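Go ahead and model the full structure; you've got the sequences and the hints to work with.
Here's the letter readout for the chains.
Number of protein chains: 2
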Amino acid sequence: MDRRVKRTRESLQRALIEVAVEVGYDNVSVQNVLDRANVVRSTFYSHFRDKNDLLESSLVNLKAGMLHQWRLRLEHGESKGELGFVLPLLQHVDGGRHLWKALVIGESGRIVDRNFRSMIADLTRRDLGLKQPVGIEEAATIAFVVGALMYVIEGWMLGTISGTATEVNQRFLSLALPGLTQTSTLRLRKSAI
Amino acid sequence: MDRRVKRTRESLQRALIEVAVEVGYDNVSVQNVLDRANVVRSTFYSHFRDKNDLLESSLVNLKAGMLHQWRLRLEHGESKGELGFVLPLLQHVDGGRHLWKALVIGESGRIVDRNFRSMIADLTRRDLGLKQPVGIEEAATIAFVVGALMYVIEGWMLGTISGTATEVNQRFLSLALPGLTQTSTLRLRKSAI
DNA sequence: CCTGTTGCCGAATATACTGTTCGGGAACTC
DNA sequence: GAGTTCCCGAACAGTATATTCGGCAACAGG
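If you read the protein sequences in the order shown, they are chains A and B. The first sequence begins at 1329 in the numbering used here and counts up by one. The second sequence begins at 1329 in the numbering used here and counts up by one.
Incorrect hints may appear among the rest.
Pairs involving identical chains hold if they fit within one copy or between any two copies, as the list cannot separate such chains.
With a Cα cut of at most 30 Å, we get these calculated DSBU-like pairs of lysine-lysine [what the hints assert, rightly or not]:
#1 K1429 <-> K1391
#2 K1408 <-> K1391
#3 K1429 <-> K1334
#4 K1379 <-> K1429
#5 K1429 <-> K1408
#6 K1379 <-> K1391
#7 K1334 <-> K1391
#8 K1379 <-> K1334
#9 K1379 <-> K1408
#10 K1408 <-> K1334
It is worth saying that the hints were derived from the structure and are not from the lab. Quick caveat, the model's predicted, so the values are computed rather than measured.
Structure follows, in structure tokens:
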């Protein structure tokens, strides 16, 4: 790939994140990004459809980095057990706390959400594939786990939930695992219907 | 309150919802709402800060209606047990399926999310207040339950998750309750740390 | 019914941001 | 070194937001 192309794309991606962290994604105009990246309008639109498109392309990198770190920890045997991917995930998110805190708020939150939802859903599916609870549709289970995890992470980023990655992981697993490993015959007491 | 004020505000609220259901919230301009409501620009801005502000005021009514229906069902004894508020909630949402499906998508999704998160959080807190799991911070538990429920509802609205309100309720409870009633000593097996 | 107040209309206007166009010149690939 | 590709710069139309203000009509209270 042409070196110039790579340079402009990376400049724009970096600029967007920087400015978003400073003033919040919703308050970022294309012009702000252009100024920061030293790129001109027409160039921007020859690479990206709009601001959201740029964000989405930035997320590709962030996701790649996350999966990379996850694999490293997998190899080091640090993420065993059911939902073992959660701890590495939390640790990685913890590293870029400023970044994620900025991106969780506002319109970018939806985009981040949509991107990571599918990733987490995949990890969850792979993890739970073997011990699927009987009689409970997969879609509901995935939505349940992913939603719970996303909200916990969000609360953790925003400071509503405190604690280290390990602690948050423990809290999450203690809430999630019992429902997932429960057998179908026990899964609902009469009083709760 | 001046009758004209009430009329104008209600016209605008109704118009916003109508148009949003038709073309999606994100594609609604202030002008669209004005045309539908037969209200002029300056009047709009004398009542609401912007489109989102109008949506927020509309949600007040929707939430009120929801809580009203919930109380009715409570009196009829249809929502007993832990997380008993979930079923009435699902049933109410099911009633306005078109509406919610439209509001879940796009920018309005975040606003709806923010509004109902706090409502569901309150209901959850009240419900779980007595049997708080030991050693698990309340904030994490609330975020867990609320997130799981929100995502399940969203998936249900969008058709990813199928079934009746009763079935979805059962699925949700069977996933959530075991983790909530688990005692602290059992809450984590070594392998999952 | 009368009176003072309040809200709505209508139109104009400033502002800001988006997205597109195009030619000249520089940087890149091979 | 030749030819292609990309970036710059500046201009431009289009669209939506948000504010202003005078005149008229509807309202609440007595």
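Of the numbered hints stated earlier in the document, which are not met by this structure?
9, 10
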